[in-house]
Amino acid sequence: MALGVTEEQEELRDSVRRFLADRAPISRVRELMETDDGIDRAVWEQAGAQLGLLGLAIPEEYGGAGFSFAEQAIVLEELGAALYGGPYLASGVLAATALLASPDEAARRDLLPGVASGEVIATVAFTEDDGSWDPAAARLAAVKVGDSWRLDGHKSFVLDGAAAGLVLTLAVADGRLSLFAVDGGAAGLTRATLPTLDQTRKLARLEFDGVPARLIGSPGDAGAVMDRVLNVAAIALAAEQLGGAQRVLDMTVEYTKVRHQFGRPIGSFQGLKHRLADLLLEVESLRSAVTYAASAVAEDSSEVPVLASLVKAYASDTYFHVVAESIQMHGGIGFTWEHDAHLYFKRAKSSELFLGDASYHRERLATRIGV
Amino acid sequence: MELDLGPEIAQYRTELRDWIAAEAPPELPGLFDWNMVMTAGGRRGGQLARAMAHPAYAEWAAKLQDKRLVCPQWPEEYGGQGLDAVRLAVLNEEFHRAGVPRVNRGMGESLVGPSIIVHGTPEQRAHFLPRIISGEDRYCQGFSEPNHGSDLAAVETKGVISGDEIIVTGQKVWTSGAANANRMFVLCRTDVRAEKHAGLSYVLIDFTDPGVTYRPIKQMSGAQEFAEDFLDGVHAPLFNVIGGVNNGWRVAMTTLGHERGGRATVAHLGYEREFWELVETARKRGKNTDPLIRQRLAWCYTQVELMRFAGLRTLAQVASGRPPGPEASIAKLFWSEYHKKLGELAMAIEGADGLLRPEGDGYPVSSWQSVFLSSRAGTIYSGTSEIQRNIIGERALGLPKEPRIVG
Chain F
484 MALGVTEEQE ELRDSVRRFL ADRAPISRVR ELMETDDGID RAVWEQAGAQ LGLLGLAIPE
544 EYGGAGFSFA EQAIVLEELG AALYGGPYLA SGVLAATALL ASPDEAARRD LLPGVASGEV
604 IATVAFTEDD GSWDPAAARL AAVKVGDSWR LDGHKSFVLD GAAAGLVLTL AVADGRLSLF
664 AVDGGAAGLT RATLPTLDQT RKLARLEFDG VPARLIGSPG DAGAVMDRVL NVAAIALAAE
724 QLGGAQRVLD MTVEYTKVRH QFGRPIGSFQ GLKHRLADLL LEVESLRSAV TYAASAVAED
784 SSEVPVLASL VKAYASDTYF HVVAESIQMH GGIGFTWEHD AHLYFKRAKS SELFLGDASY
844 HRERLATRIG V
Chain H
183 MELDLGPEIA QYRTELRDWI AAEAPPELPG LFDWNMVMTA GGRRGGQLAR AMAHPAYAEW
243 AAKLQDKRLV CPQWPEEYGG QGLDAVRLAV LNEEFHRAGV PRVNRGMGES LVGPSIIVHG
303 TPEQRAHFLP RIISGEDRYC QGFSEPNHGS DLAAVETKGV ISGDEIIVTG QKVWTSGAAN
363 ANRMFVLCRT DVRAEKHAGL SYVLIDFTDP GVTYRPIKQM SGAQEFAEDF LDGVHAPLFN
423 VIGGVNNGWR VAMTTLGHER GGRATVAHLG YEREFWELVE TARKRGKNTD PLIRQRLAWC
483 YTQVELMRFA GLRTLAQVAS GRPPGPEASI AKLFWSEYHK KLGELAMAIE GADGLLRPEG
543 DGYPVSSWQS VFLSSRAGTI YSGTSEIQRN IIGERALGLP KEPRIVG
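Residue numbers (our numbering), protein chains in the order written: chain F, 484 to 854; chain H, 183 to 589.
By construction, these hints were calculated from the structure, which means they are not laboratory data.
Where a beta carbon is used, it is the ideal one built from N, C-alpha and C, also for glycine.
Warning: the hint list may mix true and false statements.
[What the hints assert, rightly or not] Here are some chain F residues pointing at chain H (derived, C-beta under 10 angstroms):
id : residue
1  : Val488
2  : Ala707
3  : Arg711
4  : Val736
5  : Gly750
6  : Gln753
7  : Val773
8  : His844
9  : Gly853
[To be verified] A short list of chain H residues far from chain F (calculated; beta carbon distances all over 10 angstroms):
id : residue
10 : Pro207
11 : Arg232
12 : Met234
13 : Gln255
14 : Gln570
15 : Glu576
16 : Glu584
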């Protein structure tokens, strides 16, 4: 394991940060969050085709760049810092991991190159109306009609589900959890964009009425695939949360240095300084954890399941704590629509709830370490 | 996962591991759980002292000294091996793995030695350093005073220069290891008219001098790990002033700067051991199925793991030739605050049994009661959590200092 940051990784971070500052600044985030899909196609194409960010951790044989998750975590951190609202997590992490984790080589060859280049926006639909993050709760039914499969039922809380051209869908076939590839424009598929608390993160509800689907692997494969997807996604999301928390902490520290009250910068008061020190402790701890967990994913370590729940719980608590404190420390301006704090605040809450909150993951952690 | 530190370090690790396997007295690992968390004032101090009195410990200490593995991070010319932080970390890891103790010279090794190495004259180095390595000089710290804890630069203990001597008079407090010490490093005021940081001197005194008396302080845990010390006209040659008269603040700060060494990757190990002991206790009491207890145990496990990750990150950073990042400056605040929570959880798991102490004279406590009580000191000694937050806020975040009140 190498936890030291290489020069190559530093360069990657710098170039992603510059790209986002230039093409996806917060003013643009605000415009896009008012749209249905939240996607700036030009930025998406550039990220995929020119910068190779979408296929960063996808092996070269499937059209990716062949780097590891350690590099992808750096990209995710920067995306989180910029509140990027496009379908990177859905397509580059959820869908790519699902395909890579499935035993279906043909599907990987057919579908991954499009995901890697960004030509295809993909997502994984696994949650339903009951909001359970447990794949075993899936009820969407898959029935074989002749040689092909048809899906009936619904999915909800699907990340970028309305924009995706490829929806990898968790369904029950012959009583077993199975993964299917569904075309975004398939007949019988109805998609509705859901109004989200966090407008920078788009969720959709999908109705399936005899929708034709391609089985990925065999019936019963999806349990193991979803375990991997959810573990990697939890760590990916934690990387985003780290980026957001760091950005907000930096922003808040700067503000408390320049904002004067009672004739002194407010950051000189211990009432704020000590709380900021605690936030730094949390953000730095999260950074150590995310760095370690990303290495573990890259090395396919057996520690991944434990780390996934550990970092997701800690990242959820940390990001929310940082942003909540940030609003308080910004004073009146902190709870206005005009200031960006609320965008991060809402993202922190949506990231906390998505894939299960801190308590949920601490319980899983307790189980996974054998308490 | 283990950190890949390159072939040279891997070879160093292998050689060290083989040497320990060949040389360590076989009874040594069984004498004491050398990896366990030591809380100041915890009841394990007595067990440690007994283990260190065993002949196997003396045999081991002699072997380590021959191999220059006592104070190994000191430069070669001063009796060490000049071990860098990475090798020191490997050394600590391998000693832990083998269940054998580092023979360390306490504050002599971590605080006094580095100060003499940086600020001492060649004659002072030649005189004092070998005596620390051999164990002949065993230092305790004379910094804090009854009226000056966090505000260390305000110390009032007087040092009066008289001919080629300095005469030290005053009161010190919160001295750990006083019973084992024969020397004390003292921060005293040698110029009362100077600005408070400018009039201080750093003096090494004979702690067995008739002018020295000390009284153990009984802590809330019932243990007596600290002492208060009364210095009544203790004479020391001016030779024992390190860094020159009135330059003590700078010397004292060097000292504190050396408090953190290559322990980054082993610091969590005791907490890890302790955590699993608590899980075992929870199982025995049937509390491991209580959802609220499970939440808190998972939280504690996370904290211990975060220490491990931070240590690895620090080591990776140092191994690549960069200074440690902010994660190193938060370590003290992190473990001391964590340990209080762990102690509180332990009492929750003990439940009604936490109400009762073991029978016996004095104030004997159970091991979890000991952790619960003694962990409260952790956020106070070696810089309170409030001082730590000031340091983190001002140095790591660059926040402005509090305006000073003149007077």
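Against the structure, test the hints numbered earlier, and report the numbers of the ones violated in rising order.
2, 3, 14, 15, 16
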